[in-house]
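*Asks:* Numbering of the sequence shown is given in this note's numbering, commencing with residue 45 and proceeding in unit increments.
Simulated from the structure, these hints should not be mistaken for laboratory data. All C-beta atoms, glycine included, are put in the ideal place defined by N, C-alpha and C. One or more hints might be untrue.
What follows is a list of derived Cβ distance ranges for each label pair [as the list claims (entries may be wrong)]: (1) G84 with D132: 30 to 36 Å; (2) T85 with D132: 30 to 36 Å; (3) A146 with K115: 27 to 33 Å; (4) G84 with T135: 19 to 25 Å.
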Amino acid sequence: MKKTFLLTLACAGMVFGATFTGTITDSGCAKADHKAMNMGTDEQCVKGCVGHGAKYVLWDGKNTYELSDQKTPEQFAAKKVQVTGTLDAKTNTIKVAAIKTAQ
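Build out the structure end to end from the sequences listed, making use of the hints.
*Replies:* Printed below as a string of structure tokens:
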């Protein structure tokens, strides 16, 4: 019974994942500092960098996480968000289940 309960908890964690809060930015400006780029607003810089080959990432103020979903983050470029998903620690990539604006 104890093993079944632990397995159920582990599976629930894989399904629901964790929540990560931070700013959607790009891998070229991984710390969300776009001042040196001189490309207009932070949002314009993020989208511009992604348009030139960078990837959308989540910056939590300390760590940068790659995101498995590279389409949904576009609407949240340079905004503070909550990303729900599971973290692959080996690749430092969040397998994105959902993204929403943080409060």
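*Asks:* So, for every hint listed, does it hold in this structure?
*Replies:* Here's how the hints hold up against the structure:
The hinted range of 30 to 36 Å is satisfied by G84 and D132, whose Cβ atoms lie roughly 33 Å apart. Checked against the hint of 30 to 36 Å, the pair T85 and D132 passes, with Cβ atoms roughly 31 Å apart. Remark: the range hint 27 to 33 Å for A146 to K115 is contradicted by a beta-carbon distance near 20 Å. Separation of G84 from T135 is about 32 Å and departs from the stated range, judged on CB atoms against 19 to 25 Å.
Checked against the numbered hints above, the structure violates hints 3, 4; every other hint is satisfied.
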